[in-house]
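The residues making up each chain are set out below.
There are 2 protein chains.
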Amino acid sequence: MSQYDLGITCDMHVHLRDGKMMELVTPTVRQGGVSVCYVMPNLVPPITTIEQAVEYKKQLEALSPTTTFLMSFYLHKDLTPELVAKAADEKVIRGIKCYPAGVTTNSSAGVDPNDFTPFYPVFEVMQDKGLILNLHGEKPPSDDDDIHVLNAEVKFLPALAKLHKDFPKLKIILEHCTTKEAIETIREINKGKNAHEITVGATITAHHLWLIIDNWAGNPINFCKPVAKLPQDRSALVEAATSGEPWFFFGSDSAPHPIETKARHEGCCAGVYTQLHAIGYVAEVFDKQGKLDNLKSFVSTNPLAFYEITEDQVKSKDTVLLVKNANEVPKVLGNSGEINVVPFKAGQSLNWSVEWK
Amino acid sequence: MSQYDLGITCDMHVHLRDGKMMELVTPTVRQGGVSVCYVMPNLVPPITTIEQAVEYKKQLEALSPTTTFLMSFYLHKDLTPELVAKAADEKVIRGIKCYPAGVTTNSSAGVDPNDFTPFYPVFEVMQDKGLILNLHGEKPPSDDDDIHVLNAEVKFLPALAKLHKDFPKLKIILEHCTTKEAIETIREINKGKNAHEITVGATITAHHLWLIIDNWAGNPINFCKPVAKLPQDRSALVEAATSGEPWFFFGSDSAPHPIETKARHEGCCAGVYTQLHAIGYVAEVFDKQGKLDNLKSFVSTNPLAFYEITEDQVKSKDTVLLVKNANEVPKVLGNSGEINVVPFKAGQSLNWSVEWK
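For the protein sequence lines, the chains are F and C, in the order given. For reference, each letter of the first sequence is one residue, going 26 to 382 in this note's numbering. For reference, each letter of the second sequence is one residue, going 26 to 382 in this note's numbering.
In isolation and in its complexed conformation, chain F is listed as follows (with noise of 0.2 angstroms):
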């Protein structure tokens, strides 16, 4: 078959940035193959009010006006239960992204991930409203707990179990998760439930089915955080986002740094920029598996599902036909000159491009 009818796109983890980053990047939400977005609140400030939320998601809306935005908060000491109560009811979001503190970009104001106790009454609420937890799933790096950038996540999977366990009812997800090991966890903890019964999922990004730590070793376009593993995690995330399982969605992660911020021999940002091609990438992935019949699963059913997300919240009914039709990434996605974005394989050519119905 060479067309493949995925429905309402989703893509449950992007960052849209402000200003000139977010003009440039937010109408390639569309363009990428998305219909669905969760947006990431780690602005400098971050969203932590409903005021900032709101005129947030008014101006992106400005910019793409069919595209759905599900807007977040960012968790922080300075959120009270009230607060996440009332953004709750007036339906301003529809979760909060915990960052621990210092693990990727704009996360220096994140929380202690070895403790999330001060931030049980906020959970409290989260899970009477119906709030989803988006966890960046890693510890911060420590040489004496023997923490570095290839095992943080694998070290911060108990946290994870244990949240689950203190709230069986709050829905969590673990963001762009990289390792074998958190494909398992999120089995062990789904195993035997029912669809409805499911609280606790997990994002893959398009980049990470791609890359291993090879990748990005000298290659600052390719360089994120979570790192892209080794080949095995790799194809441990492969295996998990083509199974069709309803705990594995998409979120990109696509996260736009300007050129000049990559190529810096001090220090280069982390973030992977896919956006504009973002359902392509996924589904060439799917198509050497020989599992485009799972795709739609994983970009829309399943991320609907666990998002609960009924036609009448989407701004726009248009769906996306995958089309077997080559699809030149361009080398630099520009914005007049004043901001300049390298994108995931730049230049070369992907197999699958994306249409509007």
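In case anyone wonders, no lab produced these hints; they're calculated from the structure. Heads up, a few of these hints could be off.
[As the list claims (entries may be wrong)] Chain F is faced by these chain C residues, among others (derived, beta-carbon under 8 angstroms):
id	residue
1	D171
2	V179
3	V252
4	C293
5	V310
6	G359
7	N360
8	E363
9	I364
From a predicted model like this one, the values you see are computed outputs, not experimental measurements. All C-beta atoms, glycine included, are put in the ideal place defined by N, C-alpha and C.
Once you have looked at the hints, place chain C on chain F.
Then chain C, alone, in the frame of chain F:
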């Protein structure tokens, strides 16, 4: 004690390049506290003839008359046993460096480390003549064989063991070793041997005593091949270097690159430049371990013995005094604006400096 006599110091793995870069870095061998150095042959084109080696040495000596330069050939299919015998007899080279094809800077002319047998006639001659075989001990990356930057050295170790078995009297050095497994292999090979029976050794760099994967993830200045590995690997290297065992000695693999080839979004060059403070970087690690008494073994006694360097072969009888004295690493090492190299730990202060006596 705040002074240590290090004797005639050695760095058995230096990259001095050619042209303007050679002019910039060659004097820094002595400035960094090194008297005798073993010069890598991976120029473009590589050093594979007597004429090239003689001419290269002449250029280096003109730039630093008091430094002893030991020259090497680049292992290559064009190297005949006759040529190698002649180069040994005329004392033009001290050894031959073997690069697996494609693993690091200027290694495209390298060999296939899955099969060294085409080079066995050359190794026979080297063994007879007492030349040293210097191995870049990594298997090339391979998806099919599950070889990546983290395990490439460990996957190479059986090839080292086999070479030693087939040529028990050939002196072999595993260059810039980076893993716990490599350290264990070197010890296993040498178990129960007397000093004069040692034929297999390993060099350890300055930067691998400091770095782990987190330090080069997103930091081009700290990116080199073999890549720095995990905390337990660094611990094993530090323990081995400071142990005083005769089969471990210093080879900095100082590898200068112009700053613009480090600050490149599409891929940066592999190599850490350490020459200007070579002894200082190492001394600080030994000091932290309370092992400064063993530093002379690592940088002088062990390499002089393994390379069988007699005093009459050393151009200057000057010895190095290590002095406790703050020592600033410049932010950049420049050549009249033409070439700029960012050193390891640029802008930081070291605790030890060197004086020539």
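Tested hints:
Because the smallest distance between the Cβ of D171(C) and any Cβ of chain F comes to about 5 angstroms, under 8 angstroms, the interface hint for this residue holds. Interface restraint check for V179(C): the shortest CB-CB distance to chain F comes to about 13 angstroms, outside 8 angstroms, so the restraint is violated. Nearest Cβ of chain F to the Cβ of V252(C): about 6 angstroms, under the 8 angstroms cut. The hint holds. Checking C293(C) against chain F by beta carbon gives a least distance of about 5 angstroms; that is within 8 angstroms, so the hint holds.
The criterion of a C-beta within 8 angstroms of any C-beta in chain F is not met by V310(C), whose closest approach is roughly 14 angstroms, and the hint is violated. Hint on G359(C) is violated. Least Cβ distance to chain F is approximately 14 angstroms, over the 8 angstroms limit. A hinted interface residue such as N360(C) counts as satisfied when its beta carbon comes closer than 8 angstroms to some beta carbon of chain F; here the least separation is about 17 angstroms, so the hint is violated. Annotation: E363(C) was flagged as interfacial toward chain F, and the flag is violated, the nearest CB pair being 17 angstroms apart, outside 8 angstroms.
The restraint placing I364(C) at the interface with chain F is violated, with a minimum CB-CB distance near 14 angstroms, outside the 8 angstroms limit.
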